[in-house]
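Chains as they are written, first to last, in the working numbering: chain P, 315 to 1002; chain G, 5 to 341.
Simulated from the structure, these hints should not be mistaken for lab results. Since the model is a prediction, treat every value here as computed from it, not as a measurement. All C-beta atoms, glycine included, are put in the ideal place defined by N, C-alpha and C. Worth double-checking, as some hints may not be accurate.
[Claimed, not checked] The calculated lysine to any residue pairs, modelled on SDA-like cross-linking and capped at a C-alpha distance of 20 Å, are: (1) G:K70 x G:Q112; (2) G:K274 x P:H359; (3) G:K193 x P:H359; (4) G:K193 x P:R780; (5) G:K274 x P:D361; (6) G:K193 x P:S348; (7) G:K274 x P:R780; (8) P:K548 x G:D137; (9) P:K821 x G:C265; (10) P:K696 x G:D137; (11) P:K821 x G:L104; (12) G:K180 x P:D745; (13) P:K548 x G:L104; (14) G:K193 x P:D361.
[Claimed, not checked] A short, non-exhaustive set of chain P residues, derived as facing chain G with CB atoms under 10 Å: (15) R366; (16) K548; (17) A669; (18) P682; (19) S692; (20) N715; (21) H761; (22) N762; (23) L767; (24) S943; (25) V944; (26) E945; (27) L946; (28) F947; (29) A951.
[Claimed, not checked] Over the 10 Å line for every Cβ pair with chain P, so calculated as not near, a few chain G residues: (30) L12; (31) L29; (32) A34; (33) S68; (34) T155; (35) M206; (36) R313.
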Amino acid sequence: MRFSDQWLRDCVETRLPPQALGARLTEVGMPLDSLEPFGDDTVYHFDVTTNRPDCMNHLGLGRELSVAEGTRLKEPSTSIPDVSSQAAELLASVAVESPDLCERYTALVIQKVKVGASPSWLARRLEAIGLRPINSVVDATNYVLWEMGHPLHAFDLEKLSGRTIRVRRAKPGERITTLDGVDRKLMPEMLVIADGRKAVAVAGVMGGRDSEIGAATTEVLLESAHFQAASVRKTSRALGLHTDASHRFERGADVEMTLKAAARCAALIAEVTGGRVARGVLEDRKAPPVRREIALRPERVRGLLGLAIEEQAMQEILQRLGCSVIRDPAQAWRVVPPSFRGDLSLEEDLVEEIARHHGYEKIPVTLPRVFLFPEGRSESEKRMDRIRQAARHCGFSEALNLTLVSEAENRAFGDTSGGVQVLNPLTEGEDRLRFSLVPGLLSNLAHNLNHHLPEGRLFEAGRVFRPSDSPSELPDEEEKLGLVLGGKSSARHWGEPERQPDFYDLKGALDQTVQVLGVSQVDWKSAQRPFLVPGRGAEILVSGRLLGWAGEVAPQIASAWDLESVALAGEISLRELFAVLPEDAAFRHTPLARTPRVSRDLSLILDKAHTYREVEAAIRGVEGIPVASVELFDRYAGASIPPGKIGMSVRIVFRSPERTMVSEEVSEFLDRIIHRLRDRLGAVLRGN
Amino acid sequence: MQDRLQSLRERFDSEISSAADAAALVRIRAGYLSRKGGVLSQLLRTLKEVDPAQRPAVGDSLNSLKRYMEERLALAEDSLATSPVAQGLDVSLPGRMPPLGTAHPINQVRREIEEIFLEMGFSLAHGPEVETDYFNFVALNFPIDHPARDTQDTFYLEGGLLLRTHTSPVQIRTLKARKPPLKIIALGKVYRRDSDVSHSPMFHQVEGLAVAEGITFADLKGTVLTFARRIFRDDTQVRFRPSYFPFVEPGAEFDLSCVLCAGQGCATCKRSGWLEMGGAGMVHPEVLRLSGHDPQSVSGFAFGLGVDRIAMLKFGIDDIRLLFENDLRFLHQFPGS
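Let the hints inform the model, and build the full structure from the sequences given.
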């Protein structure tokens, strides 16, 4: 919000140069954003917070400075000047028909005005704060708004039908052309200022074109009213019309200010137009509100701030701010804030006033004296950390993607609903909450591969969203882990041949990541997904629970994501994973076997239709044989293997926990295994 | 005998000049000079069988051959030691580095922030990213149709839901679920309809809340100062300025002395020496009351600040979009975890 240095100095005595003045106001909660020269003036940009509409003008801001600096505030005269013999009540009338939305309506009449351009001092002031001068009457109303903070509106009285003002709700279907030339449809809950026939202004927002002040205007009805904040806000938003007036009314205006502002403005209009102010005030108001009395306990001030501050200092600050203070040594103080401080209603509000002007920098620095057992990280937080660490140790770098995606991205990865929708997105492609981490990760992969990196490995651990059954219920937010891997060659060493990353790189990384959390057995089942290459996708299960999927990204997805080389992706639910994990506290080590191990290799030939999983299950399934481990060390097809068959070489390690095995016994074990492999899978030994 | 010594010398010379590495020299030394099996050592032991008249001359020849061999071996060993290739491996060749991924800089900073507050006795709290109007606004003393909502640039969803605009709803969820005394931080993603060099529609905030008997504004100052000095530098200064947030009273914003120029004034702090960091204040009595606590018996402080901003300051990043582009050339610059 712009303020003029010269104008501010008209309102308050101060010797501070502009920079220091800005710094001082910043200290009491009116932060200076910047300042710049404006001719022989200086323009400040202050960020006045929404709770302080009383400071959105030069006098109000000056008041803060006068309290801070202990200097005098120079308030303008608010007596009605130069009264003509004409009685206002014979010239016009006002009536508030919707008192719930308008607490007070005050009007003065100025006659014999000659509308022209404003004098240069007035025009310069308005230009300094960024306003365009219009004519002397309108400029005077704007001037007073920016001086005292109260919005005013001037009507051409001769254009008001019946020379009357009716403050009422709009009629069904009623329309108005506002000063900006736009024809607007009014809603019945909107408050309007009407004359005898029709709406002539949108209350607290903008006047109407038909009654605007022009060169021919000779009689002015000057409105100074108090409109209900919420009503102005709703109307202003519904019409998409934000004005200096609505900005102040919706933050709360001062009901006691209407007459003072009108008097000040009428005097100014008379001065700049040569007009005469009619005798008497036109007014319709509700009974003045009861002044709010706030109980204030000095010990509460000290207790909340942790600051030893004298009662005298507290009292002085409150009084300088315009509060009346009754100190009662036996009870709480009784403090009545001034009418322009609608933001003060609680004891804590007064604590802030005292702290603010005493200086936040004077509050000591301590730490809470609270006894609490430190809880540390929870089990699931530790697991999240470990899963991230495990993924990094597999060579995957962590990505963080926007949760906002497009509907197409969600649908491509299996979200049939399209995803949770954002009603007011910034851009069309970011109007859904992500259903999967993989679309974002694939975009990252494409970005990296298209920037000439030979290979990319990325992961993300974060939330995905699924709509709930009812739109007013919170959607399901689930932590997932996504991994992508792709490129022309996997990380290679100078001594080794180049190769493309494949499914088993991803599988190994996922297995290892999950195993870090204590899962010993991960089951991979061949499975189809529309976004994976048929025959190159899998479901991942632990203890029979489906954790997620992994596989080679289908060509139509790869091309839609601008990926030129092979890409692999997988995603698992961390909620499902954590549900099957044993508690860390339950972990115990397995004692090492001290007996010797005996290992035997088998080279098998079997139908291609059989999986390695079946081979291992068959070996381990032979009862009464102490198999310590089974490891596949070769898998081959080729000239030596008949068509439709596959060769697999496995190393089986036997170990009895109790004793040393003799070789006859191991041979017998092996025979039984070979029989079972033949019976179950039709496997034969190579070379037999 | 002399002929035999001469042929021995020739054989030694040819072996030593074709010796490619240290291992070969060790073999040659053992073959000629070792006390037990060395050829020359054996010859020296047979000296007593030589004709006594010729014995001194043969002895001299043997000893001079021995000296010769030792000198040549020493020379060969020296030259091998100074020639890297001949020693065996070119140790300057790149090793087989297991691929190692990096943690995202925001998550590195998140961990660091969490550690600092955990050490100060705070617990970690969490809440949903999609929130109700009640938790995001009403319970935080933002009434319906209040102008303070304008500053929040809210993304709305169907059914009156919204994307949380701050981590403050976690304050309410915590206050409703737990009894004071409590000290928590909540760190997570928040959303505002804003996008430029310094704003992303999604960013990260950390929220602190302490509620107990006798919590003061001075405690707030001490907690924020401790955090600022731990996360940045131990001479960091904190400045509290009065400000307005509906859910705190008294309310404040706080600035840190610029972590780049130590308050001297630079481009990052716009020559002011201060960096705006976040909002804070004493928990508003209405917030305590709405979540079931008596503001006369307990008090509390709350503060919030941007995690991404801390990361950007710590790592000298001036475009927030770099943080979400996930370019590996960028991510790999952060090997810490």
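Quick rundown of the hints versus the structure:
1. Taking the CA atoms of G:K70 and G:Q112, the gap is about 66 Å. The hint is violated against a cut of 20 Å.
2. Between G:K274 and P:H359 the alpha-carbon distance is near 15 Å, which keeps this suggested pair within the 20 Å criterion.
3. Restraint check for G:K193 and P:H359: not satisfied, since their Cα atoms lie roughly 31 Å apart, outside the 20 Å limit.
4. For a cut-off of 20 Å, the pair hint linking G:K193 to P:R780 stands: about 17 Å separates their Cα positions.
5. With a CA separation close to 17 Å, the supplied pair G:K274 and P:D361 stays within the 20 Å bound.
6. The hinted pair formed by G:K193 and P:S348 fails the criterion: a straight-line CA distance of about 31 Å is larger than 20 Å.
7. For the hint linking G:K274 to P:R780, the alpha-carbon distance of about 43 Å lies beyond 20 Å, and the restraint is violated.
8. Note on P:K548 and G:D137: the hinted pairing holds, with a Cα-Cα distance of about 18 Å set against a maximum of 20 Å.
9. Only pairs whose Cα atoms come within 20 Å are accepted, and P:K821 paired with G:C265 is rejected, the gap being roughly 48 Å.
10. Straight-line distance between C-alpha atoms of P:K696 and G:D137 comes to about 31 Å, which puts the hinted pair past the 20 Å bound.
11. With a C-alpha separation of about 17 Å, the suggested pair P:K821 and G:L104 falls inside the 20 Å cut-off, and the hint holds.
12. For the proposed pair G:K180 and P:D745, the alpha carbon gap of about 32 Å is over 20 Å, so the pair is violated.
13. A hinted pair counts as satisfied when its Cα atoms are at most 20 Å apart, and P:K548 with G:L104 does not qualify at roughly 56 Å.
14. At roughly 26 Å between alpha-carbon atoms, G:K193 and P:D361 are farther apart than 20 Å, so this suggested pair is violated.
15. Proximity of P:R366 to chain G holds as hinted, the smallest CB-CB distance being about 7 Å (cut-off 10 Å).
16. Because the closest C-beta pair between P:K548 and chain G is about 6 Å apart, less than 10 Å, the hint holds.
17. Among the interface hints, the one on P:A669 holds; its C-beta lies about 5 Å from the nearest C-beta in chain G, closer than the 10 Å criterion.
18. Taken as an interface hint, P:P682 checks out: its beta carbon lies about 4 Å from the nearest beta carbon of chain G, inside 10 Å.
19. A distance limit of 10 Å between C-beta atoms decides the matter here; for P:S692 the minimum to chain G is near 7 Å, and the interface restraint holds.
20. For P:N715, the interface hint holds, since its Cβ comes within 10 Å of a Cβ in chain G; the closest pair sits about 6 Å apart.
21. For P:H761, the shortest C-beta to C-beta distance to chain G is roughly 6 Å, which falls under 10 Å, so the interface hint holds.
22. Because the smallest distance between the Cβ of P:N762 and any Cβ of chain G comes to about 5 Å, under 10 Å, the interface hint for this residue holds.
23. The interface hint given for P:L767 is met, as the beta carbon of that residue sits about 6 Å from the closest beta carbon of chain G, less than 10 Å.
24. Among the interface hints, the one on P:S943 is violated; its C-beta lies about 23 Å from the nearest C-beta in chain G, farther than the 10 Å criterion.
25. The beta carbon of P:V944 comes no nearer than 26 Å to any beta carbon in chain G, farther than 10 Å, and the hint placing it at the interface is violated.
26. Nearest Cβ of chain G to the Cβ of P:E945: about 21 Å, over the 10 Å cut. The hint is violated.
27. Using the Cβ-Cβ criterion of 10 Å, the hint placing P:L946 at the interface with chain G is not satisfied: the shortest such distance is roughly 22 Å.
28. Interface restraint check: P:F947 against chain G, minimum CB-CB distance 21 Å, threshold 10 Å, status violated.
29. The beta carbon of P:A951 is not positioned within 10 Å of any beta carbon in chain G (closest approach about 29 Å), and the interface hint is therefore violated.
30. The beta carbon of G:L12 sits about 42 Å from the closest Cβ of chain P, which is more than 10 Å, so the claim that it is off the interface holds.
31. With a least CB separation of 27 Å from chain P, G:L29 remains clear of the 10 Å interface cut-off, as annotated.
32. With 10 Å as the threshold on Cβ separation, the claim that G:A34 sits away from chain P holds: the shortest Cβ distance comes to roughly 32 Å.
33. Distance to chain P confirms G:S68 as a non-interface residue, since its nearest Cβ pair spans about 48 Å, more than 10 Å.
34. A beta-carbon of chain P is positioned within 10 Å of the beta-carbon of G:T155; the least distance is around 7 Å.
35. G:M206, annotated as away from the interface, has a beta carbon of chain P within 10 Å; the closest lies near 5 Å.
36. With a least beta-carbon separation of about 15 Å from chain P, G:R313 lies farther than 10 Å from that chain, consistent with its non-interface assignment.
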